[in-house]
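Engineer: Sequence:
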Amino acid sequence: MEQKPEIFISSDELQAPAIDQRVEQMRLAAQTELVRQVGTPTAQRSVAKNPILQGVGLGVVSGLIASVIVEIVGQPASPSPWYGTNIYVGTIFYFGLFALLFTVPFTIRDGVEARSSERAFRDLGFGILFIAGPALLGVLIAQFAYSHLWFLVQPDPYSASYNPVAHHFLRGFAWAIVGLAAGLGLGLTKKALRPVINGAVGGFVGGFVGGAVFDFLTSGTIARIVALTIIGGLIGVSIGLVDQITKQHWIEIVSGGMAGKQFILFLSRTTLGSSPGADITLIKDPLLAGEHAVLTTQGKNLVLASMSQQAPVQVNGVPISVHQLVDGDLVQLGATVLRYRTKSEAMPTWN
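Following the numbering used here, the residues of the sequence shown are numbered contiguously, the last one being 366.
These are computed hints drawn from the structure, not numbers from a lab. One or more of the hints may lead you astray.
[Said to hold, decoys possible] With a straight-line cut-off of 20 angstroms between C-alpha atoms, the simulated PhoX-like cross-links for lysine-lysine are: (1) K299 to K276; (2) K276 to K358; (3) K315 to K276; (4) K64 to K315; (5) K299 to K315; (6) K276 to K205; (7) K64 to K276; (8) K206 to K299; (9) K315 to K262; (10) K64 to K299; (11) K315 to K358; (12) K358 to K262.
[Claimed, not checked] Simulated restraints on C-beta separations: (13) A238 to F184: 43 to 51 angstroms; (14) G314 to I87: 47 to 55 angstroms; (15) V341 to D230: 50 to 58 angstroms; (16) R130 to G314: 29 to 37 angstroms; (17) A238 to N316: 49 to 57 angstroms; (18) H163 to R284: 43 to 51 angstroms; (19) W97 to G140: 46 to 54 angstroms; (20) G314 to T236: 51 to 59 angstroms; (21) I80 to K358: 32 to 40 angstroms; (22) I84 to S336: 49 to 57 angstroms.
Heads up, the beta-carbon is just placed ideally off N, CA and C, and yes, glycines get one too.
With the sequences and hints as input, model every part of the structure.
Structural biologist: Okay, here's the thing in structure tokens:
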């Protein structure tokens, strides 16, 4: 058998400049490949994960479910409903129950997306706590304002001076108050100032537009369900639009099981990980720790810190323990890659 010649490499050859150049080329090639992999999903972002479209869809579904339930429980078409015939009691019960039920899908959305019944029920409990009061108060104010302002503006609806436009405006104003209360309650569940403002503004605008349309459709059970469903969709899209217009710091999932999803950062301290207890729960990634990293606002800046010793956090391919993020930074947690986005203006928060 022919014996192959042995190859000997001396220490001088290992220290030659060509070796260092080759190592550097390999390192750069690895970094280039990383960027190529995480950049592709952004271009393929699913339309279904668009925050505005999600707001419309969730608002329509919430409005439909809530309207069907209040039609069954509220008995608006019955001459003798179980709660009595007082018009104020009936109106407050009907629309108050609708406002509360409408917010439930929005409240449990994060838990459903994280596939965690524990988080969904926990958020539902907080939602009922924070939303029930504003919803009831909003309906009370709306009913009082509608009934009193109506008689001031249109004392006799059968007179020649009757103005239907004023009626639609007042109806829209009353619904705007209900929408404001529902959006305010939803914002309170986030425990941050900006969602409270966004929810109140979005709910007011969506409620006003939907309430103005309400009069054109309310004639029977089906018409009321359609009208309330439209109002739900308008409130959902309005809150979503306000969130997108006013957002200051947010992250986009560009690679991993949740690619295409966007999270707006409202809190001054936000934890990320696979645990339902994390502020942002990232699923479909077995490499993530329960609380893998934390984002902290410092003035106008956002600082990322690693919380996992087994799987370090990387920013633009470089392992970090603490790092001040800049717009466009790519953050890798386990097998999930995020892109950080920001605007220059600082956001108000509740600590």
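Engineer: Between I84 and S336, does the C-beta distance stay in 49 to 57 angstroms?
Structural biologist: holds (50 angstroms)
Engineer: Is the hinted pair K358 and K262 satisfied, with a Cα-Cα distance of at most 20 angstroms?
Structural biologist: Since the Cα atoms of K358 and K262 sit roughly 8 angstroms apart, the hinted pair holds (cutoff 20 angstroms).
Engineer: Check the hint pairing K299 with K315 against an upper bound of 20 angstroms on the C-alpha distance.
Structural biologist: Distance ~32 angstroms between K299 and K315 Cα, so the pair is violated.
Engineer: Just to be careful, I want the Cα atoms of K276 and K358 compared with a cutoff of 20 angstroms; is the pair within it?
Structural biologist: holds (19 angstroms)
Engineer: Taking 20 angstroms as the top limit, are the C-alpha atoms of K64 and K299 close enough?
Structural biologist: holds (17 angstroms)
Engineer: K315 and K358: Cα distance at most 20 angstroms?
Structural biologist: holds (9 angstroms)
Engineer: With the threshold set at 20 angstroms, check whether the alpha-carbon distance from K64 to K276 stays at or below it.
Structural biologist: Between K64 and K276 the Cα gap is close to 6 angstroms, so the pair holds against 20 angstroms.
Engineer: Assuming the hint says 32 to 40 angstroms, is it satisfied by the Cβ distance from I80 to K358 or not?
Structural biologist: holds (35 angstroms)
Engineer: Check the following: the C-beta atoms of G314 and I87 are separated by a distance inside 47 to 55 angstroms.
Structural biologist: holds (52 angstroms)
Engineer: Please work out if K64 and K315 have their alpha carbons no farther apart than 20 angstroms.
Structural biologist: It is violated: about 28 angstroms lies between the C-alpha atoms, which goes past 20 angstroms.
Engineer: Can you let me know if the beta-carbon spacing of W97 and G140 is within 46 to 54 angstroms?
Structural biologist: At 27 angstroms between Cβs, range violated.
Engineer: Using the beta carbons of A238 and F184, state whether their distance is inside 43 to 51 angstroms or not.
Structural biologist: violated (20 angstroms)
The structure fails hints 3, 4, 5, 8, 13, 19 (numbered hints given earlier, in ascending order).
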